[in-house]
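Protein chains: 4
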Amino acid sequence: MPKEQSKCAVIGASGYAGEELVRLLLAHPIAELVAVTSRQSAGKRLDQVFPRFGHHNKGDLLFGDADAKKITKNANFVFLALPHGVSADVAKSFLDCDARVIDLSADFRLRSAKVYEEFYGSKHAAPALLKQAVYGLPEQYAKEIAEADLVACPGCYPTSILIPLLPLLREDLIDAKDITITSLSGVSGAGRKVEADYLFAECNESARPYGVPKHRHLSEIEQELSGVTKSLITIQFVPHLIPMNRGIISTMFLRPGPDVDEGEVEAVYKDAYKSEPFVRLLGNERLPDTKNVVGTNFIDISWTLDARTGRLIIMSAIDNLIKGTSGQAIQCLNLMCGYPETAGLL
Amino acid sequence: MPKEQSKCAVIGASGYAGEELVRLLLAHPIAELVAVTSRQSAGKRLDQVFPRFGHHNKGDLLFGDADAKKITKNANFVFLALPHGVSADVAKSFLDCDARVIDLSADFRLRSAKVYEEFYGSKHAAPALLKQAVYGLPEQYAKEIAEADLVACPGCYPTSILIPLLPLLREDLIDAKDITITSLSGVSGAGRKVEADYLFAECNESARPYGVPKHRHLSEIEQELSGVTKSLITIQFVPHLIPMNRGIISTMFLRPGPDVDEGEVEAVYKDAYKSEPFVRLLGNERLPDTKNVVGTNFIDISWTLDARTGRLIIMSAIDNLIKGTSGQAIQCLNLMCGYPETAGLL
Amino acid sequence: MPKEQSKCAVIGASGYAGEELVRLLLAHPIAELVAVTSRQSAGKRLDQVFPRFGHHNKGDLLFGDADAKKITKNANFVFLALPHGVSADVAKSFLDCDARVIDLSADFRLRSAKVYEEFYGSKHAAPALLKQAVYGLPEQYAKEIAEADLVACPGCYPTSILIPLLPLLREDLIDAKDITITSLSGVSGAGRKVEADYLFAECNESARPYGVPKHRHLSEIEQELSGVTKSLITIQFVPHLIPMNRGIISTMFLRPGPDVDEGEVEAVYKDAYKSEPFVRLLGNERLPDTKNVVGTNFIDISWTLDARTGRLIIMSAIDNLIKGTSGQAIQCLNLMCGYPETAGLL
Amino acid sequence: MPKEQSKCAVIGASGYAGEELVRLLLAHPIAELVAVTSRQSAGKRLDQVFPRFGHHNKGDLLFGDADAKKITKNANFVFLALPHGVSADVAKSFLDCDARVIDLSADFRLRSAKVYEEFYGSKHAAPALLKQAVYGLPEQYAKEIAEADLVACPGCYPTSILIPLLPLLREDLIDAKDITITSLSGVSGAGRKVEADYLFAECNESARPYGVPKHRHLSEIEQELSGVTKSLITIQFVPHLIPMNRGIISTMFLRPGPDVDEGEVEAVYKDAYKSEPFVRLLGNERLPDTKNVVGTNFIDISWTLDARTGRLIIMSAIDNLIKGTSGQAIQCLNLMCGYPETAGLL
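Protein chains in written order, with the working numbering: chain A, 4 to 349; chain B, 4 to 349; chain C, 4 to 349; chain D, 4 to 349.
Please note that a few of the clues may not be correct.
Since the list can't tell identical chains apart, any single copy or any two copies may satisfy a pair.
With a cut-off of at most 20 Å between alpha-carbon atoms, the simulated EDC-like pairs for lysine to aspartate or glutamate come out as follows [what the hints assert, rightly or not]: (1) Lys10 x Glu35; (2) Lys273 x Asp50; (3) Lys73 x Glu142; (4) Lys117 x Asp92; (5) Lys180 x Asp309.
The hints are simulated quantities; they were obtained by calculation from the structure and are not laboratory data.
Bound conformation, chain A alone (with noise of 0.2 Å):
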């Protein structure tokens, strides 16, 4: 596939995820960054509203309105950085423009209109386009992502678990009736959100459950999960909030078939994540540790069999909003384009 020269605008881009996509396009050695919009920052420039981008050329870009004829006639990828329930519309109105777009809501990740309905608690506002959408995660769908004209990233919770659980299933060496995880986040998995629950003094010193028991990324990790095994899947699931920036740690406690040994799950991630250059495989003799992966793309997993309990212990760290959210949607670009997948990510 000849390589596309990409044109990029971020949508929304005054949030973690938009700041986060600016800042890795803006260093990415082909694509290029054309147009930023965002509500509240409208008419201000780039590097006004993030001083950090101050010593950049693009810093004099100017913060506009989404208006798709106007952003498509320099843009031809669009990144949507906006609000579950916002995203579809808009979706559809650079799909209507022959914009290529990739989105990072949680709009397009379900293929049911109707589950999303019951966990984002509002009607599909473009359910006609839903099966056009490709799931983002490169792990599973690189192929599909390449062609795709409609890409939903995963949320960051289901990439720190997809990758790890997906061979696993695939390789029918667990229990799919029996997955129980935990989740640890940084507080920037909940956005720029100016909500008194995210203030410093209500964070610091401060853990906490929350989601229980139905947090919202349940929908499609259970979705992923299913179409491995065609069976309906359910699965146990509590995030929690601590007093960091960045990072998520996944803890999976799985039931291992009869003969399965730590050797066979090594096995199995090796053949499915030998070419996967963002998958790093710890083994048993490391665990995962988030400063090991914030700043980049990377996924860390390690596992061990309780030998007590007889479970498999599976363990992820991921950087929320790189691996979780906007590198990953760069690596998706990466793939759209023809590009080496790692372009702009190492």
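Place chains B, C and D on chain A using the hints.
The following block gives chains B, C and D in isolation, referenced to the frame of chain A:
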């Protein structure tokens, strides 16, 4: 029982548990702190080692050495805040001098010297004392603690786990064979160990599982749970270190009996803990947050029945250094002396 | 003076200062909390707004509205934890009902309505009350506070600066015209304001000067320093926001008189503060650290004469919400009621 | 100048400065990392010591020992990330093998062995090399660095202070005799020293001045300022340790000449730094914040003339480990090799 005038010594007072004991004893309305010891701080004044006690008239107490004969001339209660393996011998020397001993190490928590050796990797130094020791969990052993000469205070994780689980097992509400727990702990849980792993820049902006799959605290958790069910219980447990000074969250996934609902869980808890001054039942309305218990001796407990999976999710929060360590030790002292159980703790 | 039974109301109790007042009053051995108000929490129970008070028998106190007539039926002491500009009117309504008022806002700290307008940008709402108000710094105005009906508690920065500077100026040890100060404050100093600047991910791993060059607290600092020297003093002051919940460090650079040495500084401090229960003099051996004062009403003060520059360097540490705000307010209450000055504060 | 192919060794690579050098060299477009040494990590692979480099094909580089002859067979550039006092000897051994040396310790920053002894408390080990060494501040000594065989990289505080002060002194805008500075630093500034003072629970929720009144960095700051004014300058400086991983804020109080205004300050800065790729001038509109520079090699500089006091206030922000240490060292390497000054740093 008449109130006993307690003159207290803290052996090994220069760690976090010791410092917290000193703080609580200095503010205690009845008990009196009469001696502190520490090998590394020997000869220094209390206010030199802990500037925060600079205003107190006990600030000029000198750190001495742990000579049982000398110390028991003035002290009739002795707190041991020593590393496991060291405590056993020292406890014996104080018991021989007729002091009542409250041990914060792991040395007397297990009834079996063999299990101790399995989990702590060395022979027990005073196995004959094991059957004399009382496990210092006031919510379970108040009567035994009151009469004990040797109290073994529980570990911090076990405290956060046993108080919620014991009543459920006692009333047979959950399956004892299917218990999965993850905990999150602040860094003070590691003690004042001068190791690279606990440096600020290694812990801040870092989250990590550790002690996988066989953390030492498993031994006492399983012992106490098994004591209630009269059968050997093996549980699944993974702790995580997160960037805050204090606090533990434990999230427990349980398999309830066929007709158990949230109302029954509530009834069992209310019955079990109606007279317990430090157990706060949050029900299923509110989730625990370490910031609501840090600085206190309370444990907050929430529960939710997950209709999708059928599991009962229990979540608890404590201050690892207070309810998890030194506050609980003072609670034991209060019981041993016939003081109000909350003396010096509210 | 006979001890006055104080029934206390906290107006505006849902911010950090209000929460801390509630905490201190609930634990106070003599004073009683009888009412709390808050526009945003009206109708809620105290333990719903502040889960940490869930165990207290006052936990079911309902947040009402700030009706002076109604509240003063039960309360004779009223704490105002309201924004500046709002407090002045409310204070008047309570004074008219014969309550004694302890105001934590800036509204009554300045003796001049004109200076108030200069620094706070709006006309003063009750200028007639200004001459009646006493500046609530017990180390300077204990006698006046005892008899006052309207006490204006100092700001947090001024507390950390005035206690060290006043004796040096009073004894003429330093040049009043050459005072340079920087302060560092934890984020709770900004209050529970729901603004993007105070979100966790904006404050964590961030340090920044702010309020440059004319922070509002300058007005009261200069007023109080000028009161001692009988000449108008202008000082240099830059505060910084740093990623911790609580605590202030103030570092002051002073020009000492020709023969002033550290011994003289020490003598002046010892004389000035020999009976002050909350001033701890560290001398030149030990530097202050916020962690030694957080959770307490103490101020720690260090001093060093820099032989290279000839400057006297004074450094102080306080807990901004206790000695800097609510603890100091309770200290004022104790003086107003004839209680021991330390009641409820040790 | 033709570009020199640089093969780089990092001596003492297991500390924070060394780790950051490794990270920057692994990502450098031209320079190549060929050797790492560390006494404590000898024999280990790079990815074992620093799991974050696990994906890199240099991950299996083995930590060796600092044998100059062996190392210079492959390396022609040597970075020394060693403690002061150790570096001098090692530098000599590498210079004797014709390597060009970039030293990150304090050993070659001072031109006078006597001043070194005064501030560092021990005799200098290689005083003959002092006059050969170039102070590695590219904004001041770019030409000299390009030709040097021995570069002494500045300390982190000096970098944050000298870049703003040098042009003002050079153009005689400020009084060289009245300079007062406070700085705030993240904890990584102390290095990976395993000392109780730097444990997480001792630094988190703590702020403290230290190194009062004669911090070692004063010696090089005063040397460089004096070099510009041709007179001996003594400054006032107090650093503070605050709870974050990285970043320095320096706040400087200066006495401007009679007619100096903000416009003149701006003009001087713009002239001095118009071609400097890493100096960002924020003017008086925006104050620096460490979070805008962390992870980058930039220094952000703000200025304000305080109309009330007549003082000029300059505030700067850097990442202490990048512009303050290892990034600046790479900037020096780029100059020494004739690479673009920003190679590997944007």
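Going through the hints against the structure:
| no. | hint | verdict |
| --- | --- | --- |
| 1 | Lys10 x Glu35 | within (5 Å within a copy, 33 Å between copies) |
| 2 | Lys273 x Asp50 | between (43 Å within a copy, 18 Å between copies) |
| 3 | Lys73 x Glu142 | neither (34 Å within a copy, 43 Å between copies) |
| 4 | Lys117 x Asp92 | within (18 Å within a copy, 55 Å between copies) |
| 5 | Lys180 x Asp309 | both (19 Å within a copy, 15 Å between copies) |
Consistency note: the structure conflicts with earlier hint 3 alone.
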